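Peer 1: Given next are the chains, with one letter for each unit.
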Amino acid sequence: MNFWQKNKAHIFKLIFLAFFNALALLSLIISISQGGYILAVITVFIMIIINFVYLSDRFYPLRYILPGTFFMILLVVYPIFYTIYISTTNYGTGNMLNKDQVINHLENRTYLPDEPRTFNFTAFKNEEIDQFKIIFEDREREEYYMADTINREISQISLSDAIFQGLSSPSELEEINGYKRLDRMQIIQNLGTLEALKIEFADNELRMEGINTFALYRQRFVYNSANDTIIDQRDAHEYVVRQGHFYNEEMGRLSPGFRTFVGFRNYRRLLTDDRILQPFFRVFVWTFIWALLSVATTFALGLLLALVLNDKDLRFRKLYRTILIIPYAMPGFISILIWRGLFNPEVGVINRILEALPFVDALPFMNNIFWTRAALVLVNLWLGFPYMMLITLGALQSINPSLYEVSAIDGASIWQRFRYITLPLLFISVGPLLVSSFAYNFNNFNLIYLFNAGRPAIAGAQTPAGGTDILITYTYRLSFETGRGADFGLASAVTLMIFIIVATITWFNFRFTGALEEVKENE
Amino acid sequence: MNKSKSSILKHIIILLAIAFTFFPIIWVISASFNPSNTLVGQSLIPREISFSHYREMFTSTQHPFMRWLWNSLKISLITSVLAVSLTTLAAYPFSRFRFKYRQKGLFIILLVQVFPQMLAMVAIYLLFLNLQRYFPSMGLNTHLALIITYLGGAVGINTWLMKGYMDTIPRSLEEAAYIDGASKFQAFTVIILPLIRPMLVVIFILQFIASYSEYMMARILLGSSSQYTLAVGLHLFITDQYGARWGVFSASAIVGAIPIILIFLLLQDQIVSGLTGGAVKG
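Those protein sequence lines, which keep their order, are chains A and B.
Residue numbers for the first sequence, in our numbering: 759 to 1281.
Residue numbers for the second sequence, in our numbering: 5 to 286.
Heads up, some of the hints might be wrong.
[Stated by the list, open to error] No more than 30 Å apart at the CA atoms, straight line, and that leaves these computed lysine-lysine pairs for DSBU-like:
#: 1; chain 1: B; residue 1: K14; chain 2: A; residue 2: K1070
#: 2; chain 1: B; residue 1: K104; chain 2: A; residue 2: K771
#: 3; chain 1: A; residue 1: K766; chain 2: B; residue 2: K188
#: 4; chain 1: A; residue 1: K857; chain 2: A; residue 2: K771
#: 5; chain 1: B; residue 1: K9; chain 2: A; residue 2: K1070
#: 6; chain 1: A; residue 1: K771; chain 2: B; residue 2: K14
#: 7; chain 1: B; residue 1: K104; chain 2: B; residue 2: K188
#: 8; chain 1: B; residue 1: K104; chain 2: A; residue 2: K766
#: 9; chain 1: A; residue 1: K938; chain 2: A; residue 2: K956
#: 10; chain 1: A; residue 1: K956; chain 2: A; residue 2: K857
#: 11; chain 1: A; residue 1: K891; chain 2: A; residue 2: K857
#: 12; chain 1: A; residue 1: K1076; chain 2: B; residue 2: K14
#: 13; chain 1: A; residue 1: K771; chain 2: B; residue 2: K188
#: 14; chain 1: B; residue 1: K108; chain 2: B; residue 2: K188
#: 15; chain 1: A; residue 1: K771; chain 2: B; residue 2: K108
#: 16; chain 1: A; residue 1: K1076; chain 2: B; residue 2: K9
[To be verified] Chain A residues, not near chain B, derived (Cβ > 10 Å throughout):
#: 17; residue: E865
#: 18; residue: D888
#: 19; residue: S926
#: 20; residue: S929
#: 21; residue: R1027
None of these hints come from the bench; they were simulated from the model.
Every value quoted in this text rests on a predicted model; they were computed, and no experiment measured them.
Don't be surprised by glycine CBs; every beta carbon is placed ideally from N, CA and C.
Model the full assembly from the supplied sequences, consistent with the hints where possible.
Peer 2: So, in structure tokens, the structure goes:
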């Protein structure tokens, strides 16, 4: 074997590592240059681990596990901890930025003093490069300044300069170095650019004030780091930090606020504020009812069909099965949107059929809580029965047929055989899957949200909570339906409540299936 | 009950179930060929057949259905390929090597999977919002962010599935290869990979369908119409004026569903055996 063949794997590994390190270094440079020091530290940390694992022989198994684990840590493990953190903050609309960013934002605000210093101006434009030069004239002090839009620097000039030779005022000047003077009409045409112009002048800002003048604007808010307050220069009010805002007794709070630690406030709100607790409780109860109903109805129909299809003598058995799993094979979002159309209360097919039938009338699907829930259960039945049918069919095959023969000899009826042999044996293998199906429907976002977005609304609720909302759609609406502003803090608190519930269910499921024992057995 | 009566009853039950199954499908097929675009005038059998909705679906510039479909297919394909690769790699040492913390590692993967990823929507949204400042190409409104998100959620459960399947392959096969001088990596690629092909297919298909149908994360992370997946696009397309866009919606629903249904029906036996192994959809 030559050198290449012997070391092929090793060389590939080194090339891969070099590539990875180059990429990591690049992102390191980017994050440091943008001020992302935490990100930089994490990048270095990952770099060290990766190089160590792939160069040292001690961690051989990790070489295989690491790539997948990376994504799991980044998008499952880290978000769990981040969610816990957010639930103790006031993060949300109005409090999106951190404190430094808010101070920076506020310090950029300016105001026009009562007696402003104003300047007349003459503007010149170079059409080719689309840039301006502007000459400012302070008539009172007889001072002249010139600035341009390229570097926005301003410098004092005097009428004795060469370009003003023979002129008494800058407004008589026709051209400076290829910049042509703008007449009044042209100024109006370029108003957008001129109004957006901010020129630094003696620590303050020169901005357009009217069609003829620029004025000196002053920085309005100044942060005092010594006692952590903000002073309003205009009226000398002092704003102190309170609950994520700069706050003044008389003036109220400044927007935007910043995100800050609020301890258990979100949890307290959730559990004590009636306008939040009441709808939350209704959503909570409906989530359980919904998950139970979903599992019960789909399992009942699935079981019935599986029992029928389990008959080996049934003609077209295979064809029937194939047809009946179509709802399971269809992408869920498409089926749900179709059903949404069919259930449309005014023009949907279902209400038109109901109207055409004797003794029944159109039903208020989508607008009435009860009927919307009923429609959801029916749609879920359609979506879910094939899965139940499939797993039950599988489980039925594993039941030893001799049990039936023995019981038949003992004179058991069909019902008795089903009740005392089929069902108990079925539950042993299907039971854990029913529990995971419960957990799945507990968080069945797509169905609830795409069908009617959790509506109709519950009257009088302070948070957006609807009559068909389950916890997960409720959380989504708290976070991302921006009508009343997102409340990430409260949403994260709700998330952790859901997590505790789902974790409990899953824990029972593990005990049921013995998945934990499996880990040990394999040792 | 005698035999033939019971058989007739069984056929009746099945036929009722089939009628239920086809109910929405038939209406949507009919609507897609009905020249009227509204829900109001829909009848089960259209008075005339028209392809205008299909034509609009392919050509509409305001609502780029084909773009959405392409985005969905692209994202699902990349996610599935990567998910299969990552989980196969991760499952291999758990199935084959005995190392310190192996048991703990398996347990942690199982435990982490208890947390449904969609619960972390706020955290994931903020993660990409913050990352965007440094790496705009993987921030909000990029497909890369969505793919990474899906991968994070896909690794845990699929690693377990794959490990379980690998455990059923006798070790003596690799041991023979080691004797012939194969390295561990060679044994993995030459011996194991071909034998686990059925499970690779199952994980690929399940992941493909799951990514294709995912709505929530796509809605949160994607912001502009040209980036939407089919799920987000179609939902927003019909949210307002549902009645007035029924025909075009129906045509797109059919075109969007057919590839998935076909894959599923062709591979149903493999998928069903994979399902009972633990993957749950409904």
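Peer 1: Hint by hint, where does the structure go against what was stated? Just the numbers, ascending.
Peer 2: Of the numbered hints given earlier, those the structure breaks are 4, 6 and 11, listed in rising order.
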